[in-house]
Amino acid sequence: MRPLLQLAIILFICLAGEILHSVVGIPLPGNVLGMLLLFLLLCLKIVRLEHVEEVSSFFLKNLAFFFLPAGVGLLTVVDSLRGQIIAIFLICMGTTAVTIAITGHFVQLLNKLKNKKKERENLNVAILDPNRESQKCMPTTLKVNISPSTKS
Amino acid sequence: MSEFINTPLFGILLSIIAFEIGVWINKKTKISLLNPMLIGIVLVIGFLVVCNVKYESYKLGGDYISFFLAPATVALAVPLYKQLDKLKANWLPILVGIFVGSVSSIISVIVLAKFAGISQNVLVSITPKSITIPMGIEVSRLLGGLPAITVASIMITGITGAIISPIVCKLCRITDPVAQGVATGTASHAVGTSRMMEIGEIQGAMSSLSIGVAGVITAVLAPILVPLFL
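Chains as they are written, first to last, in our numbering: chain A, -13 to 138; chain B, 36 to 265.
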């Protein structure tokens, strides 16, 4: 699809997000609602990937650039925060590192636990299945039984 | 000259040139601390201060760029959709992780700010610093904070997250791409996500998912947690 039309689709979804926020009154920002809406439309296959892919990848490849003016805006509050600005900087930076470390470790740990559980379930299946067959043929199943359990 | 400065062209061109210089420096040095966005911000601020140009003149063009933040945020749905399988397979660890991350962000801010002797209205303003700007402003207002300080703290957090996230992940041996993405998105919203996009599709998708979820969790929890500590 032509890029201009792709842009129109995305802008239309932005508009829908804003309407959901201010007219319908959903207490989430319009752009976050727009993101959820596009996600939903993609899942329901109403919007296809090729309808938005090129323009999206342009935005996403340059995402950091679009935040530049907001960062320059820091200039305007420096004066009003004199005395506290260094503390605010340090607090924001320190807590960000702490949050990343805690969240990352937590998700990684949960994922590992889940994968272990899955492995165990898979093992059970592997052990159970040959057992059923073992009534027909004994020797091969023994090998199958031992090899996965010794690995773990 | 002043006619040129007082058109949107000035702010837009200055931003693009500053950002591209940042990209160039980043490529040459390969130092992750020298992130294109950070260099761009420093160069623009430096230029405005040295040449004595008013922020309002820059803002004429800057607003055009900021306008595209909305469609850019919407576009985050695309990598999320592409990683749908990963999301389905890991939804519980992801959700629990974002919840834990949001709580630790709120509590660590309050504790550190109290320790540093920050005044109360500033403290409540920086409490939602890990979530996306439009949501953070609402939470700040709800708590009786000052939106300008909230925006500043959110930007500082975002830039910090974008720069240090890969470093923290390395130091803490967080190697799972899902965990990296969730951690960065929860701690440093869309600005951190912009960095994750550069690192990998899984990281980017998980990070973009975390922006909205962390925002909702913080909006619900901050008004409950803040009074407990004050």
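Please note that a few of the clues may not be correct.
[What the hints assert, rightly or not] Facing chain B, according to a computed beta carbon distance under 8 Å, are these residues of chain A, among others:
{"id": "1", "residue": "I(-4)"}
{"id": "2", "residue": "G3"}
{"id": "3", "residue": "N17"}
{"id": "4", "residue": "F25"}
{"id": "5", "residue": "A56"}
{"id": "6", "residue": "T62"}
{"id": "7", "residue": "I74"}
{"id": "8", "residue": "I86"}
[To be verified] With a straight-line cut-off of 30 Å between C-alpha atoms, the simulated DSSO-like cross-links for lysine-lysine are:
{"id": "9", "chain 1": "B", "residue 1": "K62", "chain 2": "A", "residue 2": "K100"}
{"id": "10", "chain 1": "A", "residue 1": "K100", "chain 2": "B", "residue 2": "K123"}
{"id": "11", "chain 1": "B", "residue 1": "K117", "chain 2": "A", "residue 2": "K103"}
{"id": "12", "chain 1": "B", "residue 1": "K149", "chain 2": "A", "residue 2": "K31"}
{"id": "13", "chain 1": "B", "residue 1": "K62", "chain 2": "B", "residue 2": "K117"}
{"id": "14", "chain 1": "A", "residue 1": "K31", "chain 2": "A", "residue 2": "K47"}
{"id": "15", "chain 1": "B", "residue 1": "K63", "chain 2": "B", "residue 2": "K205"}
{"id": "16", "chain 1": "A", "residue 1": "K103", "chain 2": "B", "residue 2": "K63"}
{"id": "17", "chain 1": "B", "residue 1": "K123", "chain 2": "B", "residue 2": "K205"}
{"id": "18", "chain 1": "A", "residue 1": "K104", "chain 2": "B", "residue 2": "K205"}
{"id": "19", "chain 1": "A", "residue 1": "K47", "chain 2": "B", "residue 2": "K205"}
{"id": "20", "chain 1": "B", "residue 1": "K149", "chain 2": "B", "residue 2": "K62"}
If you are wondering where the hints come from, they were derived from the structure by calculation, not from laboratory data. The structure displayed is predicted, hence computed values, not measured ones. Glycine is no exception: its CB is placed at the ideal position from the N, C-alpha and C atoms.
Results for each hint:
The criterion of a C-beta within 8 Å of any C-beta in chain B is met by A/I(-4), whose closest approach is roughly 5 Å, and the hint holds. With a least beta-carbon distance of about 7 Å to chain B, the hint placing A/G3 at the interface is held under the 8 Å criterion. Interface hint status for A/N17: upheld, as the beta-carbon distance to the closest one in chain B is roughly 4 Å, under 8 Å. The beta carbon of A/F25 is positioned within 8 Å of a beta carbon in chain B (closest approach about 4 Å), and the interface hint is therefore held.
For the restraint placing A/A56 at the interface with chain B, the shortest Cβ-Cβ distance is roughly 6 Å, inside the 8 Å limit, so the hint holds. A least Cβ separation of about 6 Å between A/T62 and chain B falls short of the 8 Å threshold, and the interface hint therefore holds. A distance limit of 8 Å between C-beta atoms decides the matter here; for A/I74 the minimum to chain B is near 6 Å, and the interface restraint holds. The restraint placing A/I86 at the interface with chain B holds, with a minimum CB-CB distance near 5 Å, inside the 8 Å limit.
For the suggested pair B/K62 and A/K100, the alpha carbons sit about 39 Å apart, so the restraint of at most 30 Å is broken. With a C-alpha separation of about 13 Å, the suggested pairing of A/K100 with B/K123 holds against the 30 Å cut-off. Among the hinted pairs, B/K117 with A/K103 is consistent with the structure: their alpha-carbon atoms are about 26 Å apart, no more than 30 Å. Between B/K149 and A/K31 the CA atoms are separated by roughly 50 Å; this puts the pair beyond 30 Å, and the hint is violated.
For a cut-off of 30 Å, the pair hint linking B/K62 to B/K117 stands: about 28 Å separates their Cα positions. Annotation: proposed proximity of A/K31 to A/K47 holds, straight-line Cα distance about 24 Å (limit 30 Å). Distance check on the hinted pair: B/K63 and B/K205 sit about 22 Å apart at the alpha-carbon level, within 30 Å; holds. Taking the CA atoms of A/K103 and B/K63, the gap is near 46 Å; set against the 30 Å cutoff, the hint is violated.
With a C-alpha separation of about 26 Å, the suggested pairing of B/K123 with B/K205 holds against the 30 Å cut-off. The hinted pair formed by A/K104 and B/K205 meets the criterion: a straight-line CA distance of about 27 Å does not exceed 30 Å. Straight-line distance between C-alpha atoms of A/K47 and B/K205 comes to about 24 Å, which keeps the hinted pair within the 30 Å bound. The suggested pairing of B/K149 with B/K62 is violated, with an alpha-carbon distance near 40 Å, which exceeds 30 Å.
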